[in-house]
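Top to bottom, those sequences are chains G and P.
Counting in our numbering, the first sequence runs from 1 upward without gaps.
Counting in our numbering, the second sequence runs from 1 upward without gaps.
It should be emphasised that the hints constitute simulated quantities derived from the structure, not laboratory data.
You may find that some hints are simply not true.
Claimed, not checked - Pair ranges (Cβ atoms, derived):
(1) 340(G) - 292(P): 37 to 43 Å
(2) 23(P) - 129(G): 38 to 44 Å
(3) 115(P) - 509(G): 38 to 44 Å
(4) 12(P) - 278(G): 56 to 62 Å
(5) 239(P) - 91(G): 56 to 62 Å
(6) 11(P) - 397(G): 33 to 39 Å
(7) 292(P) - 89(G): 41 to 47 Å
(8) 135(P) - 126(G): 49 to 55 Å
(9) 333(G) - 125(P): 37 to 43 Å
The beta-carbon is built from N, C-alpha and C at its ideal position, and this holds for glycine as well.
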Amino acid sequence: MLKQTDRPVPSQDVSQRHAVLALKGITKTFPGVKALSDVSLSLFPGKVTALIGENGAGKSTVVKILTGIYQPNGGTIEVDGMPTAFPAPQDAADNGVTAIHQETVLFDELSVAENIFLGHAPRGAFGLIDRKGMVAQARDLLNSIGAQIDPEHKLRDLGIANKHLVAIARALSIDARVVIMDEPTAALSHKEIEELYELVESLKAQGKAILFISHKFDEVFRIADNYTVFRDGQLIGDGAIADVSETELVKMMVGRDVSQIFPKRTPNPGDTVLKVQGYDHPTEFDDIGFTLRTGEILGFYGLVGAGRSEFMQALFGITRTSAGTVEVNGKQVEIRSPADAVANGIVYVPEDRGAQGAILDLPIFQNITLPSLGRISNNGFLQLAEEFKLARDYTERLDLRAASLDTPVGNLSGGNQQKVVIAKWLATQPSVIILDEPTKGVDIGSKAAVHEFMAELAAQGLAVIMVSSEIPEVLGMADRVIVMREGRIATELAGDDLTPETLVRHAAGI
Amino acid sequence: MLKRLISTRETLLMAAIVLLLVLISSRFPAFIGPSNLARVFNDTSPLILLAIGQMIVILTKCIDLSVAANLALTGMVVSMINVAAPGLPMIFILMIAVGLGTLLGMFNGLLVWKLSIPPIVVTLGTMTIFRGIIFLISDGKWVNSHEMSAAFKAFPRTILLGLPVLSWIAIIAVILFTIVMTRTTLGRAFYAAGGNPHAATYAGINVGKTQFWAFTISGALAGLAGYLWVSRFAVAYVDIAGGFELDVVAACVIGGVSIMGGIGTVAGALLGALFLGIIKNALPVVDISPFWQLAISGGAIIIAVALNAQANRKKGRIILKQAEHAT
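Hey, can you work out the whole structure from these sequences and the hints?
Here it is in structure tokens:
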């Protein structure tokens, strides 16, 4: 049960029909860019409003305006119908607006209780922090949201899902009236998402207004009461979720019809290109083995923390295994470093393409050729002409439009940076490509392009390993699926066995 | 290509140097005479050598505070060898200097690579250790000019094609390391490892090993500079080049090397060193008190860094279509 922490309805003339927080005609410009143009957004007590839009539609800008980080250039913010302004984040907090961010903004080195009460800790004698009281209150708050977390633990020791719960507890502790959830489920497993839904329901029951930002339509339809769609910084439409269909929403969001159908493929698996046997790691995974054939897309499904990425990193030579063998094209190989993996035709496109993908200060061509330098250099000397040729071949292949290959990657848009990262790996002419969460955080228009591209790679005879937590993607793209649970292979599914139910059952171990 | 060779940061620094020379020459025209400029260059040569090494280390997100101590230790060792065996040919002295410097640099690099100790801690430690070793092997005594052999002292001063060997060594180092940094896989690895260590790891670059090579190069150049230094000043003692590591880091920073790693060029390090060298040489001739000299050198460093910070400011990503095509 939830603790009743919400304050009474603020004033007598505000009924449930009035927006607790509203943006009216908000415009926000940055030098050279109009991020928001005359947008409006209303949040009602006890209602969940879904904010929908592609990457770059202006969602994060809205969040920053609502939380006082950005100041709008035009338009008004209304709290309980009264025009107001949030000149600083503290003003937004004072008005009961709190945000749970995509990358939760908490402090790793502080305890859970300290995180929850940072800035408004209960005071004891001499104005010092009342530690005992703080821990006790934190425990109550965590219990009220069903989180089994010891408030005295350091935040650092918690998993991502639990960090979210701490962030939610923090939001509750400051008596929030408006809770902004920015892609809260992005890093959560299926079960954790279910728990989050329950939590959202109870927040609703307490009369809090919730702004829910998500890429996932199933979530939106499951949880939201209202929707607001942004495209290119403009308000495209809003209304009640009950009055709209998924197709209509998608159309509003991308401004065109996007087939949510996955590319049609006629899988034509060839010879076995990769054979992994008995891969063990002391703490992360145990006895992983499988085979992979050319032209095949092999899915790896599991809950977050099932050890999929950890295994892939070991296969790519970033971490060491304690046992196990790999055969590439029937020949046993030793992979002790990423360089060994690349030399044997295995490449890994990591999940975090921002941090692990491109080197922003280096020009496009140097990024693309980086893993291939061994092949196109001569006794350690670079051959610039060949380097340029290789880079040009792959930028053309990926239709990457930039004025010059000399442009630093940091100057490119996000989509083009992704293309550079993919071009980089294709340029090594791999036979196995591991894609870790290839569409995570990617908007729906680009998602289809990524899927199309994956299908094309498989059709060209590449063996693709796709690590994904999205069931539709796994079902739509993979020929076979290995389900991992707690560091072990739970099962391998293909054909008619491949259904959402079987996936979830094996992943959760029910 | 041309745009890349003369990237704006280096051009800006070049312009600053020209402006500086014009200012100095308005009060003291003889300063910009060819022979005097050659003298200034020669005087700055050890700084150029160390700045190149330091630039490579900083490029990989590290820092080498032990360069001056390495220089002093190597200088003392070769001086003592020269005293003990005055007949040893110069080529061996040079090999010993570079070899010992390399080993000292490798020691730094191994600690950073294999034990993952933060570079600033490693080199702060080895800086003290190296100075301590000089004291131990020399008993705190000086090796003076009259104890050194004539050949030992003459080598860096020998004039070749109008310039002293010391200057030629700096010029060769600039050319050699420009090639290393722009034309070899190792050079590219330095940029990648510092620019984004994670991405570099995934691209098959061993970041720790790359940092090890950076320290090794820095050490080798410090060792070489160690012999050149004691031979040029004809004296070796515990405290030679004391605090010089700060000048070296300053030259790099003035030369546009990003302290965050991943950005920097040999040309930048060269120009940064020259900028400092010109200021140091010019202030006495335009008759400014030594107290002001330190303040002016320091001020120049801060101004240069502030300018670089301005230039490094993110101009924003290119999201608008037309902007992307305009670049």
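Comparing the hints with the structure gives:
no., hint, verdict
1, 340(G) - 292(P): 37 to 43 Å, "violated (59 Å)"
2, 23(P) - 129(G): 38 to 44 Å, "violated (58 Å)"
3, 115(P) - 509(G): 38 to 44 Å, "holds (41 Å)"
4, 12(P) - 278(G): 56 to 62 Å, "holds (59 Å)"
5, 239(P) - 91(G): 56 to 62 Å, "holds (58 Å)"
6, 11(P) - 397(G): 33 to 39 Å, "holds (35 Å)"
7, 292(P) - 89(G): 41 to 47 Å, "holds (46 Å)"
8, 135(P) - 126(G): 49 to 55 Å, "holds (53 Å)"
9, 333(G) - 125(P): 37 to 43 Å, "holds (40 Å)"
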